[in-house]
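K.L.:
Sequence:
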Amino acid sequence: MSNAEMTMAKTRHDRFAAAGTEHVEHCDQLRTIDLHKSYRKGPVEVPVLRGVDMEVRQGEFLAIVGQSGCGKSTLLHLLGTLDAPDRGEIHYDGRRIDNLPATERDHLRNRRFGMIFQFYHLLPELNTLENVLAPLMIRHGTWSFLSRRRKYRSQAKELLEMVGLGHRLKHRPRELSGGEMQRAAIARALVVQPRLLLADEPTGNLDQSTGVEIIRILRALNLQRNLTIVMVTHDRSIADQADRIVRLVEGRIEE
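Okay, so the sequence shown: first residue is -2 according to the working numbering, each after it adds one.
These are computed hints drawn from the structure, not numbers from a lab. Quick reminder that beta carbons are idealized off the backbone N, C-alpha and C, glycines included. Keep in mind that the hints are not guaranteed to be accurate.
What the hints assert, rightly or not - Per label pair, the in silico range of CB-to-CB distance: (1) Ala217 with Leu79: 40 to 50 Å; (2) Leu143 with His33: 17 to 27 Å; (3) Ser234 with His118: 23 to 33 Å; (4) Gly39 with Gln221: 29 to 39 Å; (5) Arg145 with His118: 16 to 26 Å; (6) Asp83 with His164: 40 to 50 Å; (7) Gln205 with Arg145: 33 to 43 Å; (8) His168 with Arg37: 15 to 25 Å; (9) Ser234 with His164: 26 to 36 Å; (10) Arg84 with Leu123: 13 to 23 Å; (11) Gly161 with Leu123: 36 to 46 Å; (12) Arg213 with Arg109: 21 to 31 Å; (13) Ser174 with Arg222: 49 to 59 Å.
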């Protein structure tokens, strides 16, 4: 990260930290109200989230920390509309989204949200460039995508260059290192030009030095593009790179 970016990050960290939990309606991009989620194990219902209230501001880099199994990934999946809460509400840009029809939730994920997973979820039969292009193929359908193929390939190549994979366009996931696969996953998440990036343990499967490099990329995206990022992690040193940190404890958020 450059000196200018470090100064900007420090200023933003101080601003978001000073705001604390005070709710400012016009700048909250994402908000949850009393979220509950349970899972069944045989006849037993196991509560995971027990009333999560949180707010994320436009352009903020928020880290959610907590012990393994505390529900961090469950919460992120709810925020990304990959799952639905048992009770409570999720609002994005002032609109409730948890109760939208499936087609509208799909639309949000394909046009507004980008998601990064701990285990990359790259398609093994596609090369790196094709994996990055996959969300656009899903969004537009085959024929519409083909009519814009040159433009989209150019955009995908630019993203792969940005994350340091310009020389790996034709390689399949099995030919990439863990850090390279996570870089490809970041490029794939960005190809839809999201306004909100959700990252589920993005460094959890990487060694320390590679993890630091992945966080450097995410931080630069946050600063340069004013991209809102919500990241869950069990690693406090990784979380310290965010503007603000909250803890998930016994199914609830603590500042």
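K.L.:
It remains to establish, for every hint, whether it holds in the given structure.
P.N.:
Hint check:
1. At about 26 Å, the CB distance of Ala217 to Leu79 disagrees with the hint of 40 to 50 Å.
2. Roughly 44 Å separates the CB atoms of Leu143 and His33, a value that falls outside the hinted 17 to 27 Å.
3. Checking the proposed 23 to 33 Å range against Ser234 and His118 shows it holds: the Cβ atoms sit about 25 Å from each other.
4. At about 49 Å, the beta-carbon gap between Gly39 and Gln221 misses the expected band of 29 to 39 Å.
5. Between Arg145 and His118 the C-beta distance comes to about 24 Å, which sits within the given range of 16 to 26 Å.
6. At about 47 Å, the CB distance of Asp83 to His164 agrees with the hint of 40 to 50 Å.
7. The given range of 33 to 43 Å is respected by Gln205 and Arg145, whose C-beta atoms sit roughly 40 Å from each other.
8. Roughly 41 Å separates the CB atoms of His168 and Arg37, a value that falls outside the hinted 15 to 25 Å.
9. For Ser234 paired with His164, a C-beta distance near 30 Å keeps the hint of 26 to 36 Å intact.
10. Range check, Arg84 to Leu123: Cβ separation about 39 Å, and the 13 to 23 Å hint is violated.
11. The hinted range of 36 to 46 Å is not satisfied by Gly161 and Leu123, whose Cβ atoms lie roughly 19 Å apart.
12. The supplied range of 21 to 31 Å is met by Arg213 and Arg109, whose beta-carbon atoms lie about 25 Å from each other.
13. A hinted range of 49 to 59 Å is violated for the C-beta pair Ser174 and Arg222, which are about 26 Å apart.
Going through the hint list in order, the structure does not satisfy hints 1, 2, 4, 8, 10, 11 and 13.
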